[in-house]
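**Q** Sequence:
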Amino acid sequence: MEKTLDLKFTYTEKKDTRSGFGDGLLEAGRRNPNVVGLCADLIGSLKMGAFQKEFPERFFQVGIAEANMIGLAAGMTIGGKIPFTGTFANFSTGRVYDQIRQSVAYSDKNVKICASHAGLTLGEDGATHQILEDVGMMKMLPHMTVIVPCDYNQTKAATLALVEHVGPAYLRFGRPSWPVFTPADQKFEIGKAVKMIEGKDVSIFATGHLVWEAIVAEAMLREEGISAEVINIHTIKPLDEEAILNSVQKTGCAVSAEEHQINGGLGDSIAQVLARNYPAPLEYIGVNDSFGESGTPAQLLEKYGLNAENIVKAAKKAIGRK
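Mind the numbering: the sequence shown is residues 1 to 322 in UniProt numbering, read in order.
If you are wondering where the hints come from, they were derived from the structure by calculation, not from laboratory data.
It is possible that some hints are incorrect.
Estimated spans, in silico, between C-beta atoms of each pair [claimed, not checked]:
# : residue 1 : residue 2 : range
1 : Ala50     : Glu242    : 32 to 40 Å
2 : Glu13     : Glu54     : 22 to 30 Å
3 : Asn34     : Ser107    : 40 to 48 Å
4 : Gly80     : Gly320    : 30 to 38 Å
5 : Glu54     : Lys8      : 33 to 41 Å
6 : Gly295    : Glu13     : 23 to 31 Å
7 : Glu223    : Asn68     : 51 to 59 Å
8 : Pro238    : Lys53     : 41 to 49 Å
9 : Pro183    : Glu242    : 33 to 41 Å
In silico lysine-lysine, BS3-like type, Cα no more than 25 Å apart, as pairs [stated by the list, open to error]:
#  : residue 1 : residue 2
10 : Lys8      : Lys313
11 : Lys8      : Lys139
12 : Lys8      : Lys316
13 : Lys313    : Lys250
14 : Lys316    : Lys250
15 : Lys303    : Lys317
All C-beta atoms in this analysis are idealised placements derived from N, C-alpha and C, irrespective of residue type, glycine included.
Make the full structure from the sequences, and use the hints.
**A** The structure is reproduced here in C-alpha cells:
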C-alpha cells in the first residue's frame with residue numbers, strides 16, 4: 001500500500017529504535033566522561049555492547065536485578081555521574097516502580113531510565129512482556145520527563161539530548177525494524193513537538209512507531225480530499241501544549257495515536273489540554289483496556305487497531321463530530 005501512496009516522507013532503510021539508543025549512548029560516552037551505563041542482563045537486546053567494549057570501566061552489568069540497578073544508578077548521580085539504565089520496558093517500570101518513585105523521582109536524581117521492547121511491537125514474547133501502561137506510570141511521577149521517539153535517528157538524537165538534560169527521564173523505544181524517515185542531523189528539543197505535515201481538516205498527534213503510521217494515514221486521507229496535519233509528539237512530558245492548541249484551533253478536531261493503553265497515555269494528556277483550553281472532538285488510537293498477545297508486530301498493530309487504516313477511520317469520525 002505504501003508504494004502506491006504519495007507519501008510526504010520516504011525512507012531507504014529500516015532500523016530498530018533500540019539501535020538508535022545504543023549508538024546514541026556510545027556517542028554520549030565519547031562526549032561526556034560522566035556518562036555511565038548499567039544493564040540488567042540484556043546487553044545485546046539493549047544494544048549496549050559497543051559502549052561496554054569502549055568504556056568497560058564505565059559499564060556495570062548488574063544481572064537480573066532491576067531494582068538494584070535503579071538504586072545503583074541513583075547513588076551514582078551523587079558523585080556526578082550520568083547513569084543510563086537499560087532493560088525491557090516492562091522491567092524498567094512495572095518491576096521497579098517503587099525504586100523509581102522513591103530513589104529517583106522523589107529525590108530528583110539525574111537518572112536516565114532507558115527502556116526497549118515497549119508496546120505491542122515486542123511481538124512474539126507476548127502479553128507478559130508487552131507493557132502498555134508504562135507511559136502513564138512514568139508521566140504521573142513528579143520531576144519525570146517522558147520521551148517516545150519515532151525512529152532510529154530521533155532515538156539517537158534523544159539519547160544525546162538527555163545527557164544535557166538534568167533530572168529524571170524515561171526514554172521508551174522498541175525492537176522491530178522501522179522506517180528511518182527523520183534527519184540524521186536533527187536537533188532534538190525536549191518538550192518541543194515537531195510538525196511533520198501541515199493540514200487544515202484534522203490534527204493527528206502521534207508518538208513512537210505510530211508517527212510513521214500517521215504519515216501513511218495522511219497520504220490516504222489526502223487521496224480522499226481530506227487535509228490532515230501530522231504532529232510528532234516525541235515528548236509526552238513536558239507536553240507541548242502550545243503546538244497542540246495551535247493545531248486544533250485551526251483544524252477543529254484531533255486524533256491521538258500511540259502504542260500504549262488509551263487510559264493514561266498521550267491521548268489522555270491531549271484530552272486534558274483540550275478540556276482546559278479548547279474543547280474539541282478527539283478520537284483515540286491505542287489499545288483499549290486489554291493485554292496484548294503473541295504475534296508479529298504487523299499482525300498485532302492490525303489486530304489492535306494501531307495502524308494507518310484505523311487512523312484514517314478515526315480522523316473521519318473526528319471530522320464528523322465537528
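**Q** If a hint holds in the structure, say so; if it does not, say that too.
**A** Hint by hint, here is what the structure shows:
1. Ala50 x Glu242: 32 to 40 Å: This hint holds: roughly 38 Å between Cβ atoms.
2. Glu13 x Glu54: 22 to 30 Å: 24 Å, holds
3. Asn34 x Ser107: 40 to 48 Å: Roughly 18 Å apart at Cβ, these two residues miss the hinted range, so it is violated.
4. Gly80 x Gly320: 30 to 38 Å: 55 Å, violated
5. Glu54 x Lys8: 33 to 41 Å: 38 Å, holds
6. Gly295 x Glu13: 23 to 31 Å: 24 Å, holds
7. Glu223 x Asn68: 51 to 59 Å: Between glutamate 223 and asparagine 68, where Cβ atoms are some 53 Å apart, the hint holds.
8. Pro238 x Lys53: 41 to 49 Å: 35 Å, violated
9. Pro183 x Glu242: 33 to 41 Å: At 23 Å between Cβs, range violated.
10. Lys8 x Lys313: 20 Å, holds
11. Lys8 x Lys139: 31 Å, violated
12. Lys8 x Lys316: 20 Å, holds
13. Lys313 x Lys250: At roughly 20 Å apart (the allowed maximum being 25 Å), lysine 250 and lysine 313 satisfy the hint.
14. Lys316 x Lys250: Since the Cα atoms of lysine 316 and lysine 250 sit roughly 16 Å apart, the hinted pair holds (cutoff 25 Å).
15. Lys303 x Lys317: Given pair lysine 303, lysine 317 holds - Cα atoms ~19 Å apart, limit 25 Å.
In terms of the numbered hints stated before, the structure departs from hints 3, 4, 8, 9, 11, listed from lowest to highest.
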